[in-house]
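Residue numbers (the numbering used here), protein chains in the order written: chain Y, 67 to 338; chain Z, 212 to 1119.
These are calculated hints, taken from the structure and not from any lab test. It is possible that part of the hints are untrue.
Said to hold, decoys possible - In silico DSSO-like links for lysine-lysine, alpha-carbon gap of 30 Å or less: (1) Y/Lys220 <-> Z/Lys973; (2) Z/Lys838 <-> Y/Lys231; (3) Y/Lys166 <-> Z/Lys882; (4) Z/Lys708 <-> Y/Lys144; (5) Y/Lys77 <-> Z/Lys841; (6) Z/Lys729 <-> Y/Lys114; (7) Y/Lys138 <-> Z/Lys675; (8) Z/Lys673 <-> Y/Lys144; (9) Z/Lys729 <-> Y/Lys166; (10) Z/Lys799 <-> Y/Lys165.
All of these numbers come straight from a predicted model, not from anything done at the bench.
Each chain, written out:
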Amino acid sequence: MKIIAAGKTDKGLVRPDNEDNFLIDENLKLFIVADGAGGHSSGEVASKLAVNITKQQIEKYFKGEDISFGPKTTSFSKMTNALCSSIKFANQIIYEASKKYPQNNGMATTCVAAIVGENSFSYCNVGDSRIYLLRDNELKLLTTDHSLVNEQLKLGLITEEQAEKSEYSNILTRALGMSDSVEVDVNEMKAKDKDVLILCTDGLSKMVKYDIIHKTLIEKLAHGNTLSDICDYFINLVNSFGGKDNVTIVIVQLFIENKFSLLLKKILNKKN
Amino acid sequence: MKKPSFVLSDLLIALLLVIITFGLYFLKTSFIESFEYKLYDLRARLKQSRHASDKIAIVAIDEQSIATLGKWPWPRTVIAKLIDKISSADPKVIGLNILISEPDSNAGLDEIRSLKQNYIKMMFHLQKKLKSKSDIQMLSDFLVQISSSETNIDNDTILSYSIENSNKVVLPMFFVLGKSPGGEPTEIYDSISGNTIKNVETISDTKKLETKIMEAYSPIVPYDLFSNVSVGVGHANIQSDLDNVVRREILALYSNNCFYPSFALQLTRLYMGISLDDIKISLPKNLISIGNINVQFTDKMSMLINFAGPVNTYPYFSAFDVLNDKIPIDLFKNKIVLVGFTASGLSDLNSVPVGNNFTGTEIVANVIQNILEQKFIIRPELASKIEIALLFMSSVFVILFLPRLKAKWSSIFSLMLLIIIIFIGFYLFIKSSIWVKIIYPSFLLIISYIILMSKKFLITEKRKELVETESIETNKMLGLSFQGQGMLDLAFEKFRKCPIDDSMKDILYNLALDFERKRQFNKAIAVYEHIKSVDPKYKDLQERIKILKEASEGMVLGLGIKKTKGETVIMDGLATQKPTLGRYEVIKELGRGAMGIVYLGKDPKINRMVAIKTLRFEDDIPEEEMKEIKQRFFREAESAGNLSHPNIIKIYDAGEDYDISYMAMELLEGKELKEYCDKNNLLPVKDVVKYIIQIADALDYAHQRGVVHRDIKPANVMILNDGTLRVTDFGIARIMSSSKTQTGTVLGTPSYMSPEQISGKKVDGRSDLFSLGVMFYELLTGEKPFQGDNIATLLFQISNTIQKNPKQINNNIPDCLLPIIDKMLKKNPDERYQRGKEIVDDLKKCLQIIEGNINGTVSEQQTGLKTAITEKRLSDIEVKVKNTEDTVKINDTIKISLDDKKEDKNKI
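Pulled out of the complex, with its shape left as it was, chain Y reads as follows (with noise of 0.2 Å):
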């Protein structure tokens, strides 16, 4: 399967730093994106870890050495479980070193992470940040944002507009770091030509809303803008509207080049 991505991040307009960080690795096919949270700028601490501990988990994962970190989902293939035990190392790592280091503690992250094979992604999600998946001009939010006010949400006891204005909008149930074990929610699914797949913190998805960032990207794509630029247009979009959080987006699309049409390449070459 071929691949193109792109990613950008931006502290926003109001913050003094940005704590996000992301990964675009194309060799091994992954990307992730983690929204860190504490004090004394440990929340950048946080997503470098668990940017830097995913990415080492995956490479050892694709040296062939046992990566596996808790129990193993059978169901699952190989590959996902890989991503699923790099995700909780990378959580003990953090939570060990948020224990070992006064200036740490209590620093936690979000995270999203998506790894791509042969013919189908794996991703999972610990946290409230994102990924969408736009197939067939469809875009569908593909994971559960783990904060109080989406089980809020889900159970009916408030709106969607009282959610927006929910003073609670910032309070996790789940993220990096936070104990010893940590849930991850994760899954895989059959890659399809000319899928994207938008990695975002809820810098964007709270601030665009799912409307907008639909109609962006697939204007944005028939026009034939590169990934970067339409990463570029968001971000812009979003210090529009005030900047107030860091943001990061990574966009990957996915060709998936069937035999047949990989042969007649092979030939047009030749002929050529």
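We have chain Y already, so just place chain Z on it with the hints.
Frame of chain Y; chain Z shown alone:
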């Protein structure tokens, strides 16, 4: 995922064991049967009544008799004398358990007989020559003399006379057990032809017949001179089981197409006065009828002997004593008298279930008693049914339950089942004389338990090992990751947990080099020392340690320490400089609270120790927002500071220093109420009520001044060492939730939130009262009223579910508390208590009842008070119990005095 396969294989093993056991049961393997025999013997030993039948007496040819009357064989005249003696006592029957199969070979008798022959011949010749009648008379007198001498020394004849005269003597004979090889003379049977049971109901199936009868051949019979004059001859064969223990009596042997009754059977029938023709054998029914007594036999016509007691249970009389009239003669009257050996070397000693060294004669005695008293041990068809049922029961247990139960329970249940089985076996044997084989179900239970448990044990051990290696791998992985991220201390901590093998040495060596690079020489040395503890000659370890030690000593005040200081920023800095926050000296960190670090501080002016709470989010929040937050912080600090209540923590001061906002407050030493929420550590109900009263009072006070706590939970209530109580963190929750866009206060479980709080509505004091209700419930029961595996269910429970009746959890909760808790936990704030004071009032009334109860006051007063409360609720008119009124008044005065003080303060 793996577990079912374990269960499955356990199931297979159990199934296999069951099949094996059933196989063994039907095949009757000697190995297992011998164990069953042991159990049989045990049961027999428990069963023995130690009551010997008074119808039986044994005359023993014992050591004493042998010593005084000479070695065996005795002259048959002695035996004849013995029989005469016994006969004179008029017993019912005499069993002479001594086999005399040959005529007495007596040289004197032979000589006298040939002399007599010759003399008769001579007399025959002389008869015609002698004229004198007196001569003839003399000759014939001599003949008479010779004849009488002949008879005098012809012991056999004497004995046969005795036997004939007595007309009560039964003699034994012996067979060779087994199928006749054929070709033996049948004349041998002639002398015993009168001793067969003819009344036999046989079966045609020869195969089945063979299992039911015991075949024998080559009898050794008594000398026909004796057998002809005896009243009966019976076989005295004793058949022992595989383990050489005699448990059964063969009632009749089948030989030469006839059934020969046993010695004991003969004696019994004669005692009962029944002729042989009246004995009936029914092979189809496994039954021998002796007159009106039915004896059930098992295979091979054998009867299980119910032993009355150990050796010498029956009265033994020495033959010598009998001969010398030392025994009252009428002792044998109307009895069965058995004559047999007990002297060593003469008697055949057998092992029986109840003991060893049992003489054949005593076994015979036991058999006779069994038949006469009809006390048999039987194996009816029911027995095998019970056996199958027991086997089935343990099979079910072994297959279905054993693989699933935990080790503790499986051992308990296995043991219980085993005891039940053994009990059944023993009970039936001892009480109903039914022999049920219990070894098979017991064997199944024990062997399955051993195999399954050891398997389980082996597997868990293996798993444990796996987990251990796994955790080593994990630690290694974690350590490497920490090292990769530059967290060397943590890395070393993890590596320490791994055993030091070769690869580990490399890893540790690298870590030490990293420490060196960071100029943390002491730590590098520590790592090198760690390697050294296993392999002191590793690489250039020694040298490095030496160099580093020198270096670190020289650098103590130089780079080494400075560098570390630079690394671990704030705390070290604060600690060494004795920093101040505002006018307070910061002494040490106490802990970390919801909003930031809490320090122990000292107010140098009045030398008072205080707790200083700092606000954490200083530098990562936009300035404008921070300003707002700080404003709010101080506003809250102010309003909290205005609260002056004995049960509310005192705020002394609030301020800002180095961009850190802080609050100085009363230093509390004690325990959080949280500790008493544990089920094993609950406070007495009375104390809980007293505490809740104080908290409710404090909340009422705060609410009246417009301050809502918003985060009432056991962790926010302290019980001080002097026993008083403080509510802490007033208004903090509000400060914390105020920064809206900030990612991240990660919430614990909102168990104490009120429904309106979780649905994001405006919150007032009644929300605190709900939280108080949750806490109250928890302190009483040790359980939270609303629980959920995840936040979603918890939130749903809080807003929709009615809590479980606390009495179901803790039965000690007084009834009067229940309506109060219910009212505190109403979902709708309007249905709840509107003020903390109302709770205080209701609780105080209830406290009266509780204390009344403890003091032993009659229940009348209780009910009276209870109705008072209900009345109050019904009519909503305040019914005040006198005492309560008084305490309330006192409280009011306290409050008033406090208010006065505050006013004074304001004035100042």
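- Message: Holds or violated: Z/Lys673 and Y/Lys144, Cα atoms, limit 30 Å.
- Response: Holds. Z/Lys673 to Y/Lys144 sits at ~25 Å (cutoff 30 Å).
- Satisfaction of hint between Y/Lys114 and Z/Lys729, Cα-Cα up to 30 Å: 21 Å, holds
- Task: Could you grab the alpha-carbon distance between Y/Lys166 and Z/Lys882 and see if it respects the 30 Å cut-off?
- Result: 26 Å, holds
- Message: Given the hinted pair Y/Lys220 and Z/Lys973, is their Cα-Cα distance within 30 Å?
- Response: 20 Å, holds
- Query: Z/Lys729 and Y/Lys166: Cα distance at most 30 Å?
  - Reply: The given pair, whose Cα atoms are some 18 Å apart, holds under the 30 Å limit.
- Query: Is the straight-line distance between the alpha-carbon of Z/Lys799 and that of Y/Lys165 30 Å or less?
  - Reply: 18 Å, holds
- Task: Take a quick look at whether Z/Lys708 and Y/Lys144 sit within 30 Å of each other, Cα to Cα.
- Result: 28 Å, holds
- Take a quick look at whether Y/Lys77 and Z/Lys841 sit within 30 Å of each other, Cα to Cα. Holds: Y/Lys77 and Z/Lys841 sit about 23 Å apart, inside 30 Å.
- Query: Can the restraint linking Y/Lys138 and Z/Lys675 be considered satisfied, given a maximum Cα separation of 30 Å?
  - Reply: 18 Å, holds
- Z/Lys838 paired with Y/Lys231 [C-alpha distance capped at 30 Å]: At roughly 21 Å apart (the allowed maximum being 30 Å), Y/Lys231 and Z/Lys838 satisfy the hint.
When the structure is compared with the earlier hints, no violation turns up for any of them.
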